[in-house]
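**Q** Given next are the chains, with one letter for each unit.
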Amino acid sequence: MSAEFERDGTAWISASTGTRWVPVIGLEVHAQLATQSKLFCACEVRFGAPPNTLTCPICTGQPGTLPVLNATAVELAVRVALAVGAEVAAESKFDRKNYFYCDIPKNFQISQFDRPYCTGGGIQLPSGRFVRLTRIHIEEDAGKAIHDRGDETLVDLNRAGVALIESVSEADMESPEEAVEYLEALKEIIRYVGAGEADMEKGQLRCDVNVSVRPQGEPWRTKVEIKNLNSFRNAREALEYEIPRQIEAYESGDETRFPRQETRLFDVRAGVTRTMRSKEGASDYRYFAEPDLPPLALSESFVERQRGLLCELPEARRRRYREELGLSEYDARVLTAVREVADWFEAAARLSGRPKETANWIANDVLGGLADPKIEATSIDELPLKPFDLAELIALVAEGTLHSTGAREVMGEMLRTGAAPRALVAERGLEQVEDEGRLEVWCREALEGREQVVADVRAGRIKALGAAVGPVMKASAGKANPRRVREILLRIIGEDE
Amino acid sequence: MSVAAAPDATALRASILTGERSCAQVVDGALAAIEARDGELSAFLSVEREAARERAARLDERHAAGETCGPLFGVPVAIKANMCMEGVVTSCGSRMLANYRAPYTATFVQRLLDAGAIVVGVTNMDEFAMGSSSENSAFGPTHNPWDVARAPGGSSSGSAAAVAAHMVPLALGSDTGGSVRQPAALCGVHGFKPTYGRISRYGLIAFGSSLDQVGPLARSVRDLERVLGVLSGHDPLDSTSLPLPPVEPERPEHPERLDGLRLGVPAEYLGDDLDDGVRRSVEAALECLVELGCERVDIDLPHTLHAIPTYYVVATAEASSNLARFDGVGFGARGEGDGSLQGMFSATRDAAFGDEVKRRILLGTFVLSEGYHDAWYGRALRVRTLLRRDFEHAFEEVDVICGPTSPTTAFPLGERVDDPLAMYRSDRLTVPTSLAGLPALSLPCGLAADEGGAPLPVGLQVIGPALADARVLRVAAAFEASTDHHERSPEGAGSER
Ligand SMILES: [Zn+2]
Chain A
1 MSAEFERDGT
11 AWISASTGTR
21 WVPVIGLEVH
31 AQLATQSKLF
41 CACEVRFGAP
51 PNTLTCPICT
61 GQPGTLPVLN
71 ATAVELAVRV
81 ALAVGAEVAA
91 ESKFDRKNYF
101 YCDIPKNFQI
111 SQFDRPYCTG
121 GGIQLPSGRF
131 VRLTRIHIEE
141 DAGKAIHDRG
151 DETLVDLNRA
161 GVALIESVSE
171 ADMESPEEAV
181 EYLEALKEII
191 RYVGAGEADM
201 EKGQLRCDVN
211 VSVRPQGEPW
221 RTKVEIKNLN
231 SFRNAREALE
241 YEIPRQIEAY
251 ESGDETRFPR
261 QETRLFDVRA
271 GVTRTMRSKE
281 GASDYRYFAE
291 PDLPPLALSE
301 SFVERQRGLL
311 CELPEARRRR
321 YREELGLSEY
331 DARVLTAVRE
341 VADWFEAAAR
351 LSGRPKETAN
361 WIANDVLGGL
371 ADPKIEATSI
381 DELPLKPFDL
391 AELIALVAEG
401 TLHSTGAREV
411 MGEMLRTGAA
421 PRALVAERGL
431 EQVEDEGRLE
441 VWCREALEGR
451 EQVVADVRAG
461 RIKALGAAVG
471 PVMKASAGKA
481 NPRRVREILL
491 RIIGEDE
Chain B
1001 MSVAAAPDAT
1011 ALRASILTGE
1021 RSCAQVVDGA
1031 LAAIEARDGE
1041 LSAFLSVERE
1051 AARERAARLD
1061 ERHAAGETCG
1071 PLFGVPVAIK
1081 ANMCMEGVVT
1091 SCGSRMLANY
1101 RAPYTATFVQ
1111 RLLDAGAIVV
1121 GVTNMDEFAM
1131 GSSSENSAFG
1141 PTHNPWDVAR
1151 APGGSSSGSA
1161 AAVAAHMVPL
1171 ALGSDTGGSV
1181 RQPAALCGVH
1191 GFKPTYGRIS
1201 RYGLIAFGSS
1211 LDQVGPLARS
1221 VRDLERVLGV
1231 LSGHDPLDST
1241 SLPLPPVEPE
1251 RPEHPERLDG
1261 LRLGVPAEYL
1271 GDDLDDGVRR
1281 SVEAALECLV
1291 ELGCERVDID
1301 LPHTLHAIPT
1311 YYVVATAEAS
1321 SNLARFDGVG
1331 FGARGEGDGS
1341 LQGMFSATRD
1351 AAFGDEVKRR
1361 ILLGTFVLSE
1371 GYHDAWYGRA
1381 LRVRTLLRRD
1391 FEHAFEEVDV
1401 ICGPTSPTTA
1411 FPLGERVDDP
1421 LAMYRSDRLT
1431 VPTSLAGLPA
1441 LSLPCGLAAD
1451 EGGAPLPVGL
1461 QVIGPALADA
1471 RVLRVAAAFE
1481 ASTDHHERSP
1491 EGAGSER
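Line order of the protein sequences matches chains A and B. For reference, each letter of the first sequence is one residue, going 1 to 497 in my numbering. For reference, each letter of the second sequence is one residue, going 1001 to 1497 in my numbering.
Simulated from the structure, these hints should not be mistaken for laboratory data. It cannot be assumed that every hint is accurate.
Stated by the list, open to error - Selected chain A positions facing chain B (in silico; Cβ < 10 Å): (1) I58; (2) L66; (3) C102; (4) F130; (5) A145; (6) I146; (7) L157; (8) A289; (9) F302.
To be verified - Derived SDA-like pairs (lysine to any residue); straight-line CA-CA distance at most 25 Å: (10) K93/A - Q261/A; (11) K144/A - D1338/B; (12) K474/A - E445/A; (13) K1358/B - E445/A; (14) K93/A - G1371/B; (15) K97/A - Y1372/B.
Where a beta carbon is used, it is the ideal one built from N, C-alpha and C, also for glycine.
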């Protein structure tokens, strides 16, 4: 479908009419807060427990029960609000959103309607756009209805009542790529402030997309909502399908095909969006203030305490890594993806004084160690290897004691056992050979019978020298310092001239 | 203080402590009285004979072992059918919950038990507390012990009748718009609705959450005071419960006098629509209060006229949401329908809710609907504020407000069933205080003969400002001590010993 459009920046240029169509995209993202218990009861929050084992009279909606707000959920929600520069309301309230479905036990969801706890703020996308946030509010999750068991519908209420925040963005994005960037940035912020894991696989981050298209410079047109996109890829693919679908509908000139205000679902398998319900059939949620909960009052001192718990956010860190530490954009991104990794990197870099080398070691080896099934660690902090040891290793290489091949071997052992690098180097005899006499013997042996190398080097083709370096390294079992070897080889070739 | 021929809870407990009676004897007496009278009155939906006897035996053992005895030690208590007690059928007078055994115990029921009370049974009520006569119970009406052809009032119908017929000295009711006070008045017993938030609502099946309040029914003011001391006090499971300790009684130097107390008498409560008998009894009671030292002040509560429409918007709006959970999925009755989920919801609710409940759900759904929300629900909330202000202004000039509880004495069963508006007007003198959340008590103030028929009780309503529960009790106690109205019992009562 998209083959008929050429894309130029955010514009989709129609091959037939030449019109420059620009998408208008806003996102609504539900993120699970990392509380131990649910939003309004004491039930444990855990992924993958047997159905209906994490429930109680309150979250199963037994008559007569009442909600009690989880204070931790409010703390975490406020941290997210502060991290996106939003305003935290001194007083907000909870409301009931009424609708009938088998996965919400009370047939209403406790949410925040007209007075959310958080308004404004925004997120800076790495590609340059600033996406404004309309609001964030706190609400409880629904359970899960399972329809694929013959005629029966089964309901699992383990998730019912889990604490969520819903972030609503302004329609500031203009491409599927920006939408994904926004999602990634939001996920990163939520993880960084410790408000949630935002793991899409576990349903901890779910998103609805609002999208319309318009010829560049013209007013907005009818928006369509695409519901329940549960991966970044789905979000992108749904938009990549929906945007040209809308453009084609307008370009057909057939008004009956024009996008109308409706909710569509993304069919992952077919890669298309389909009508779920039109606006005329939309629910009237009959919102009203939740009479079982008093207004949510947040004192200035409470908000300031949460502000004190915020750390430097990933985008700011990346900028500092690039500008002050001279790292590449790629390395900065790898290191800041997880807050613990960034903290670990900063500790090691401070100790080693060599941020670039530190970054390389982490990106190439340390994070690889985390993926190694033989090493039992799920986060960088659990590794036997500590930042101090990495700094030591970098120092050993820098002072010439250890050759990079040997260093890699030492690193492997350090990752498994946490052993100190200096001790390992001594134990395994991995110190580089700096002794001129021994190096010269190996070099002369290597040049023997390699007249072509000597001739090529003398003719100015220095690259040929490599053919002699290899055998020296081999003879030294990798302990020779390759820089010294090249110097000695060049001296010998020059002498004999 | 004079005590009625049948001992009140305070006297019963005292006689158990002195060894005059055992808990077992007291419970047997209550069960015998229920056996003797309830065939005719239908006050109880279920009687927990075995459980009550067993508990009495255990309490007697504890007493014999010298354990401390709680403030309701050995007192047989009836609870209304909308109050959860683990394992006991909590039907709310509805087919919907005819077989619903509560999976947990309400905070206030637990507090009763902790104080040594013995729950002997569950009393009849208008379905989901919607009604003023018991005729909306799915299990048939309760009859007024003073005249079995008449209604006992409602919705705490069975609780009032059980206390009036001396089956139990104490029962719990719930009051949303007068459901404790009106049946207390019509059955000639004491009923108290404390300040909203005094008694935890956790475990009270909700009707109108911002109005619902548990309240005791008894045969003496001192019993009300005693049970309020047990039930009141903050409950962390109810976020709307007041963060205050249990109510402490006022202990004036001269409890029999009310010197200097400014007694407000609202013109709106003594209008032309009052039964003559009611007016005569209430006027006599007001004179009596003046003799006790009160200074009578005529006041206006100008928005009283709007209380009924306001109440029927606010209460039904909340009810439409509170009762949404009864859908056949998780608990209660289930209908079949057309096989679809929505079909099952409809079939369940159509078959298992009575007409009045359906009427109020429809009304509540309507007033919250898009396009009507502000004109109805929004306006009702604004009028509610005006009603509250009426009382605030009045209480700048007076200490308590007195008037009739009900405009009529007990009306014949069947008289108002086909005229919902006439039924709604039965509550017009109790609804304003419910909307304002104020403490209000009804106590017997005389008998009035209706058209040459049998004499029927009249209730005097004593209303205090928010949190002045103890003051209301003190005024009622002084009035009670100076009259003998509370000693009058219907024929056949008192066979419990
Ligand atoms: Zn729970």
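**Q** Check the structure against each numbered hint from earlier and tell me which ones fail, lowest number first.
**A** 4, 6, 9, 10, 13
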